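> Next come the chains, spelled out residue by residue.
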Amino acid sequence: MAEKASPSSNSISLKTVDGKIFKVSPAIANQMLTIQPLIKDSDSSTIISLPDVAAFHLTKIIEYLEGKPAAAPSAVDAFEAQFVKDLSPEELKGLLIAVGYLKVNGLVDLMANTVAKLIENKSVEYVRKFFGVVNDFTPAEEAKCRQEHAWAFDGVDED
Amino acid sequence: MNDDNNEREPLIPGLPDEVSELCLVHLPYPYHFLLRSVSSSWNSTITNPSFFNIKQSLSLSQSYLLIFAFHKLTSTIQCHALHPSSACCFLLPPPPLAAISSPGFACAALPRQGKLFVMDGNKSNVVYNTAVNKWSPASPMPTAKSLFAAESVNGKIITVDGSKTEIYYPESDTWKIGIGLGDELASLDVVAVNGKVYLTEGWRWPFTFGPRGWVYDCEHDMWQMMKKGMREGWTGIGVTVAGRIFVITEYGDCPIKVYDEDSDTWQYVRGDKFPRDVMKRPYVLRGFEEKIYVVSDGLNVAIGSVVICEDDVVRVRWEVVEAPKVFGELSPSNCQVMYA
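Here the protein sequences line up with chains A and B, keeping their order.
If you're matching positions, the first sequence starts at 31 in our numbering and goes up one per residue.
If you're matching positions, the second sequence starts at 76 in our numbering and goes up one per residue.
No wet-lab data here; the hints were simulated from the structure.
Do not rely on the hints blindly, as some may be mistaken.
Heads up, simulated DSSO-like pairs for lysine-lysine below, C-alpha to C-alpha not over 27 angstroms straight-line [what the hints assert, rightly or not]:
| no. | chain 1 | residue 1 | chain 2 | residue 2 |
| --- | --- | --- | --- | --- |
| 1 | B | 400 | A | 152 |
| 2 | A | 174 | B | 209 |
| 3 | B | 147 | B | 303 |
| 4 | A | 147 | B | 147 |
| 5 | B | 209 | A | 152 |
Quick caveat, the model's predicted, so the values are computed rather than measured.
The whole structure should be built from the sequences, with the hints applied where relevant.
Here's what the structure looks like:
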């Protein structure tokens, strides 16, 4: 008897900004909250474009969603530590932006925490440069702000 | 500075602000204050009161030990914040009090709100808020005091000295005058637990008479005499942990005792010996969430984890966080534990 393939067996095609196409299962795609509404209306011929996500980042996101253990918190911690271990600061920042755009379950929090650790003992100048934040303070405003927390400026890491 | 959300720059270019903010709430106290200076949108996000609430709701806030210490060379009071598990220590901005000197000031904290109240004998009352890392003035104490103490009980701050009992309500920033003890005290040691404040004058030379002691019932605004066994066995500095009252005795190896209300007796606790070798007097104590924090001269900190076993045997395990050598000239006056 012929049966229609159940919708859950359809794979979803995602196209990254650098032109690579990834086929993922709906279970994986559904954990990217930003594209959830698009999945409902899509069939196997639909390709969802991700303008802010590069292939490298999507590979990592899929690796995370497929590999994350469902079991004990200690296993999750170990998996997450391993997941971010070999990434450079630039790669972590890029991944945070990709994950923030896609709103990936669980991974947003991990990346926010990991990136926070990168900048937690860095100078203001380092943080501005790292994220490309433009200093929009007037010199007087900035001096006042720094003065209020002068005590915290001792002993930050070398940039 | 620009607080208008529609016009302000994104916190991090390319990232939705809610994700950037999540990143910032992961920064531990007090580093995020340093990063206020990155841009005006970072500044307004970090100093917004909702920032601390988000941190609390995600269980990202951690407990810090705030230590008031007297600097012997400059005769000033400094306030240090210690993160016990990383042993990181930070100097807080100085409290805006004309002159605070030990023991002429008292402190009490509302740990979960990240608020610390410091009152000096001239009725001044200031509050430090970990959410903004700033001191601000609060409604002054009704009566000037010299030798007094403060404890927080159910969200209120109870200040006591020999004659007056004055209660501060942080929510409304108001004071109420309670029933006074009506006596003169030569010294005092005060702890609070289960809605009651325990005050003892302590043993005094030449030890001919037993020490005097009283208990204040906050709900009924009423003072009673402290039980005899409790008064006489209170042979050191008191602290409350896990609903029980402990003293670190001031003789020998500083054994720790715990009070048993039913039998009106003090029992020695089991477990580790108090780390006397690194902990030189004077001590200040604070109990918080099953732990006793003891700060010594030079700001070494001993943290005692209290376990109450089934047969009511109490055990304590000690860990020491040694202070940097530069703290050698600091002598502790008071300590509080709070979330930040």
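> With reference to the structure, classify each hint as holding or not holding.
So, going through the hints one by one against the coordinates:
Annotation: proposed proximity of residue 400(B) to residue 152(A) holds, straight-line Cα distance about 25 angstroms (limit 27 angstroms). Taken as a hint, the residue 174(A) and residue 209(B) pair is honoured in the structure, with Cα atoms around 14 angstroms apart against an allowance of 27 angstroms. Distance hint between residue 147(B) and residue 303(B) is unfulfilled; the C-alpha atoms sit about 38 angstroms from each other, more than 27 angstroms. At roughly 37 angstroms between alpha-carbon atoms, residue 147(A) and residue 147(B) are farther apart than 27 angstroms, so this suggested pair is violated.
Distance check on the hinted pair: residue 209(B) and residue 152(A) sit about 22 angstroms apart at the alpha-carbon level, within 27 angstroms; holds.
Taken one by one, the earlier hints fail for this structure at numbers 3, 4, listed in ascending order.
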